[in-house]
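*Asks:* Line order of the protein sequences matches chains A and B.
Counting from 1, one number per residue, gives the positions in the first sequence under the numbering used here.
Counting from 152, one number per residue, gives the positions in the second sequence under the numbering used here.
Certain hints may be false.
Claimed, not checked - Pairs of lysine-lysine, BS3-like flavour, derived with a Cα cap of 30 Å:
{"hint": "1", "chain 1": "B", "residue 1": "172", "chain 2": "A", "residue 2": "9"}
{"hint": "2", "chain 1": "A", "residue 1": "9", "chain 2": "A", "residue 2": "65"}
{"hint": "3", "chain 1": "B", "residue 1": "156", "chain 2": "A", "residue 2": "36"}
{"hint": "4", "chain 1": "B", "residue 1": "197", "chain 2": "B", "residue 2": "156"}
{"hint": "5", "chain 1": "B", "residue 1": "172", "chain 2": "B", "residue 2": "185"}
{"hint": "6", "chain 1": "A", "residue 1": "65", "chain 2": "A", "residue 2": "3"}
{"hint": "7", "chain 1": "B", "residue 1": "167", "chain 2": "A", "residue 2": "9"}
{"hint": "8", "chain 1": "A", "residue 1": "9", "chain 2": "B", "residue 2": "156"}
{"hint": "9", "chain 1": "A", "residue 1": "7", "chain 2": "A", "residue 2": "145"}
{"hint": "10", "chain 1": "B", "residue 1": "197", "chain 2": "B", "residue 2": "221"}
{"hint": "11", "chain 1": "A", "residue 1": "7", "chain 2": "A", "residue 2": "119"}
{"hint": "12", "chain 1": "B", "residue 1": "156", "chain 2": "B", "residue 2": "221"}
{"hint": "13", "chain 1": "B", "residue 1": "197", "chain 2": "A", "residue 2": "119"}
{"hint": "14", "chain 1": "A", "residue 1": "119", "chain 2": "B", "residue 2": "194"}
{"hint": "15", "chain 1": "A", "residue 1": "36", "chain 2": "B", "residue 2": "194"}
{"hint": "16", "chain 1": "B", "residue 1": "156", "chain 2": "B", "residue 2": "185"}
{"hint": "17", "chain 1": "B", "residue 1": "167", "chain 2": "B", "residue 2": "221"}
{"hint": "18", "chain 1": "B", "residue 1": "185", "chain 2": "B", "residue 2": "221"}
{"hint": "19", "chain 1": "B", "residue 1": "172", "chain 2": "B", "residue 2": "156"}
{"hint": "20", "chain 1": "B", "residue 1": "197", "chain 2": "B", "residue 2": "185"}
{"hint": "21", "chain 1": "B", "residue 1": "197", "chain 2": "B", "residue 2": "167"}
{"hint": "22", "chain 1": "B", "residue 1": "185", "chain 2": "A", "residue 2": "119"}
{"hint": "23", "chain 1": "A", "residue 1": "119", "chain 2": "A", "residue 2": "9"}
{"hint": "24", "chain 1": "B", "residue 1": "194", "chain 2": "A", "residue 2": "65"}
{"hint": "25", "chain 1": "B", "residue 1": "156", "chain 2": "B", "residue 2": "194"}
{"hint": "26", "chain 1": "B", "residue 1": "197", "chain 2": "B", "residue 2": "172"}
{"hint": "27", "chain 1": "B", "residue 1": "156", "chain 2": "B", "residue 2": "167"}
Hints were generated in silico from the structure; no laboratory data involved.
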Amino acid sequence: MAKSDIKLKIPSAAFYIEPVRAFIGNLAQSLGFSRKRVADIQLVLDEICSNAVHHGSIDATVGVKLRIRIDTHSLEILVRDTGSRHTGEKSWLTHERLAEIEANRSPSSESGHGIFIAKSLADTYEIQSNAVGGTDVRVIFELLKPNNLKL
Amino acid sequence: MDSTKLMELREESGIKILEIKTDLSSYAASDLRKVLEDLLAEKVEKVVVNLSEVSHINSTAVGALVGVAKRLRQSGGDLKICALEDNLTRTFNLIGASSVVEIYESENSALAAF
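Please construct the entire structure, taking both the sequences and the accompanying hints into account.
*Replies:* The structure is reproduced here in structure tokens:
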């Protein structure tokens, strides 16, 4: 399969994450990921989209962009937000904020698990500020890893 | 859409049983938090959350369950969870929440644990 990109833009509202989660699940299943891995991919997508909607958008109208890149070896998801300027910061996830979230996370925490989940479950995880003042989160799930394939 | 319509509440032997009939992604997780906050406001002390019809749960929903369990314990009550699919168990274990909230195989065993 040649490399292909699917681009989506959803309003910055939690309601729109569920249909995208369903879509990515069907796509991952079609690509041959195991049932367990499909669930992982759906969970990671939910978490990074939730962060983009709740922390990376000044309001519901700005939107969150997704680029889903597929080829014979992998499924890559890039989620791009435009940043919430409520705190005076351009990017919701500065390195300092990331370190603080990771340091404060515990099993009894009510929030702050999303980044940990994405880092734990994706084969590759990257987070960086983007040119529009927001945050890009990129995750890759590799199809050729034995544990990722359908049995 | 109001996903609280997919969260059924009943009572057995003084224990509130909340049966969730929708996947708990970001949108429904907010509704779950509202339903649980309403129970706290009503001074409910014992809650069982049945997740047998849930195939996906995100960290927001897990956080809501953990938070309410902690607050109920402060007043002598508790929130217990039951009937998790493997995917959900893995999410609870990954976050570490399975060490904070009591999880049971069935609704009956969760009820009996009170």
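*Asks:* Does each hint hold? Answer for all of them.
*Replies:* Okay, the hints, checked on the actual structure:
1. B/172 <-> A/9: The given pair, whose Cα atoms are some 28 Å apart, holds under the 30 Å limit.
2. A/9 <-> A/65: Holds. Residue 9 of chain A to residue 65 of chain A sits at ~4 Å (cutoff 30 Å).
3. B/156 <-> A/36: Answer holds: residue 156 of chain B to residue 36 of chain A is near 29 Å, not above 30 Å.
4. B/197 <-> B/156: Distance ~21 Å between residue 197 of chain B and residue 156 of chain B Cα, so the pair holds.
5. B/172 <-> B/185: Within the cut-off at roughly 16 Å; holds.
6. A/65 <-> A/3: At roughly 19 Å apart (the allowed maximum being 30 Å), residue 3 of chain A and residue 65 of chain A satisfy the hint.
7. B/167 <-> A/9: 40 Å, violated
8. A/9 <-> B/156: 28 Å, holds
9. A/7 <-> A/145: 25 Å, holds
10. B/197 <-> B/221: Holds, at roughly 12 Å.
11. A/7 <-> A/119: 23 Å, holds
12. B/156 <-> B/221: 25 Å, holds
13. B/197 <-> A/119: 35 Å, violated
14. A/119 <-> B/194: Violated, because 38 Å separates the two Cα atoms, which is more than 30 Å.
15. A/36 <-> B/194: 39 Å, violated
16. B/156 <-> B/185: 12 Å, holds
17. B/167 <-> B/221: 16 Å, holds
18. B/185 <-> B/221: Measuring from Cα to Cα gives roughly 16 Å; hence the hint holds.
19. B/172 <-> B/156: Holds, at roughly 9 Å.
20. B/197 <-> B/185: 17 Å, holds
21. B/197 <-> B/167: Holds, at about 6 Å.
22. B/185 <-> A/119: Holds: residue 185 of chain B and residue 119 of chain A sit about 29 Å apart, inside 30 Å.
23. A/119 <-> A/9: 23 Å, holds
24. B/194 <-> A/65: 42 Å, violated
25. B/156 <-> B/194: 22 Å, holds
26. B/197 <-> B/172: Roughly 20 Å separates the two Cα atoms, so the pair holds.
27. B/156 <-> B/167: 16 Å, holds
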